[in-house]
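Participant: Sequence:
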Amino acid sequence: MEKLKLVYGIKQEEWLECYDLFYSLYRKKWTYIKAGIFVIPLALFIFDVIAQPSFTMGWVCIVVCLGAIAAILATPKLDRRNTEHALEALKDDRYQFTLFDDRIEIGTVLPENEENYLDRDADGNPIPEPEIRPVVIKLSEKSFQVIETENIFALITKEMSYAVPKAGLSVYELETLRDLRKKPEKTEK
1 MEKLKLVYGI KQEEWLECYD LFYSLYRKKW TYIKAGIFVI PLALFIFDVI
51 AQPSFTMGWV CIVVCLGAIA AILATPKLDR RNTEHALEAL KDDRYQFTLF
101 DDRIEIGTVL PENEENYLDR DADGNPIPEP EIRPVVIKLS EKSFQVIETE
151 NIFALITKEM SYAVPKAGLS VYELETLRDL RKKPEKTEK
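Taking the working numbering, the leading residue of the sequence shown gets 1, the next gets one more, and so forth.
Don't read these hints as lab results, they were simulated from the structure.
No experiment lies behind these values; they were computed from the predicted model shown.
Misleading hints may appear alongside valid ones.
Each pair of labels, with its calculated beta carbon distance range [unchecked claim]:
hint, residue 1, residue 2, range
1, P41, V135, 32 to 42 Å
2, L110, P41, 44 to 54 Å
3, T83, Q52, 43 to 53 Å
4, I132, D102, 15 to 25 Å
5, R103, G36, 32 to 42 Å
6, E105, W30, 27 to 37 Å
7, L139, D93, 55 to 65 Å
8, P76, D102, 32 to 42 Å
9, G124, F100, 37 to 47 Å
10, R181, W30, 22 to 32 Å
11, Q12, L139, 26 to 36 Å
12, T56, K91, 48 to 58 Å
13, T75, R178, 31 to 41 Å
14, A74, K5, 40 to 50 Å
In silico PhoX-like cross-links for lysine-lysine, where the CA-CA straight-line distance does not exceed 20 Å [what the hints assert, rightly or not]:
hint, residue 1, residue 2
15, K158, K5
16, K77, K34
17, K182, K166
18, K158, K34
19, K158, K3
Every residue gets a Cβ at the ideal spot worked out from N, C-alpha and C, and that includes glycine.
Modelling step: build the complete structure from the supplied sequences, incorporating the hints.
Facilitator: Written out as structure tokens, the structure reads:
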């Protein structure tokens, strides 16, 4: 049964706020772990070079380890910058959020105008774009979280994140979204 339906647009800042929450929850730890893996061989090569300064391959391996660590630590900043550029194309998009008893569906709302048609058939009639299927998030999913900030509700799982802006929501809609923060209790069969 449908409990709540919202249609909204998202500002770039709101998307990025949600992206930052997702990164800090699920990606940040792994970034440091991956970089840490290269610290061990780096330390070993440094000890080898100290013991034997003419060990040329040791110097090369030190440079490779430092480069790998720098690349791993720079990747999140590059990802965020790429996300910012990609969001510029989505600035006018509208989304539909539908809350059911057991799931959430979030989809893109396609505008109804002639510019959105990909091509025309032999008679000159416009051929509509294929339908964009909504993303489905099961409320019972283990990694599902709702984080409320000043501007958004961030709906986050291990694989994805979505922002629902708080601006323009009624008191009922705000309370309904706040209730999502509570995990549904598992029923025993």
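Participant: If a hint holds in the structure, say so; if it does not, say that too.
Facilitator: To see whether the hints hold, each was checked on the structure:
1. P41 x V135: 32 to 42 Å: Given about 40 Å between the Cβ atoms, the range holds.
2. L110 x P41: 44 to 54 Å: holds, 51 Å
3. T83 x Q52: 43 to 53 Å: Holds, at about 45 Å.
4. I132 x D102: 15 to 25 Å: holds, 22 Å
5. R103 x G36: 32 to 42 Å: holds, 38 Å
6. E105 x W30: 27 to 37 Å: holds, 29 Å
7. L139 x D93: 55 to 65 Å: violated, 25 Å
8. P76 x D102: 32 to 42 Å: holds, 34 Å
9. G124 x F100: 37 to 47 Å: holds, 41 Å
10. R181 x W30: 22 to 32 Å: Hint holds: Cβ distance 25 Å, inside 22 to 32 Å.
11. Q12 x L139: 26 to 36 Å: holds, 28 Å
12. T56 x K91: 48 to 58 Å: holds, 53 Å
13. T75 x R178: 31 to 41 Å: Cβ of T75 to Cβ of R178: about 34 Å, so the range 31 to 41 Å holds.
14. A74 x K5: 40 to 50 Å: holds, 41 Å
15. K158 x K5: violated, 24 Å
16. K77 x K34: holds, 16 Å
17. K182 x K166: holds, 18 Å
18. K158 x K34: Within the cut-off at roughly 18 Å; holds.
19. K158 x K3: violated, 25 Å
Going down the numbered hints, you'll see the structure goes against 7, 15 and 19, while the others check out.
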